[in-house]
Amino acid sequence: MSAETVRFALFAEVFAALAHPKRLEMIHYLGERQHTAGELTELTGLSKANVSQHLNVLKARGLVHCDKCGTFCHYRLTSPAVLETCEIVRKLILDQMDITTACRQQLAEVVPLRKTPS
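Mind the numbering: the sequence shown is residues 1 to 118 in UniProt numbering, read in order.
What the hints contain is simulated information worked out from the structure, not anything from laboratory work.
Be aware that one or more of the hints could be misleading.
Stated by the list, open to error - Taking lysine to aspartate or glutamate and the EDC-like style, the derived pairs with C-alpha atoms no more than 16 Å apart in a straight line are:
#1 Lys22 / Glu4
#2 Lys22 / Glu39
#3 Lys59 / Glu13
As the list claims (entries may be wrong) - Cβ-Cβ distance ranges computed for the label pairs, FRET-style:
#4 Ser79 / Ser47: 40 to 46 Å
#5 Ser47 / Leu92: 45 to 51 Å
#6 Arg104 / Ala12: 29 to 35 Å
#7 Gly45 / Ile88: 26 to 32 Å
Since the model is a prediction, treat every value here as computed from it, not as a measurement.
Quick reminder that beta carbons are idealized off the backbone N, C-alpha and C, glycines included.
Required output: the full structure, derived from the provided sequences and hints.
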């Protein structure tokens, strides 16, 4: 496997970890401050087991880190770049929505072709 193939596979793994709405929600909360799994359970409305599974995916991809404090584990983002990446994607989506809206407006202004009577 070439270095380039490995690089793209790693990119895909990170984007796969980001490809779940609840994981994105958890990243949002962790971007505000660190949280315990219990706090994330309350914030997201997910079960403790489900939060744990999502956190494991994020940890495995290096997006989230766990700091042990006694019996608690405080989760935090590993880098501000995690939120920056999410913001770039959000802007991309908004740009696409603007393009789609502009295209719809242009199409609405087009006068339909009419058949001329023969």
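Cross-check of the supplied hints:
1. Between Lys22 and Glu4, the direct Cα distance comes to roughly 30 Å. Violation of the 16 Å bound is thereby established for this hinted pair.
2. Our distance criterion of 16 Å between C-alpha atoms is met by Lys22 and Glu39, whose separation comes to about 14 Å.
3. Distance hint between Lys59 and Glu13 is fulfilled; the C-alpha atoms sit about 12 Å from each other, no more than 16 Å.
4. For the hinted restraint 40 to 46 Å between Ser79 and Ser47, the CB-CB distance of approximately 28 Å leaves it violated.
5. Between Ser47 and Leu92 the C-beta distance comes to about 32 Å, which lies outside the given range of 45 to 51 Å.
6. Separation of Arg104 from Ala12 is about 32 Å and conforms to the stated range, judged on CB atoms against 29 to 35 Å.
7. Look at Gly45 against Ile88: about 27 Å separates their beta carbons, and that is inside 26 to 32 Å.
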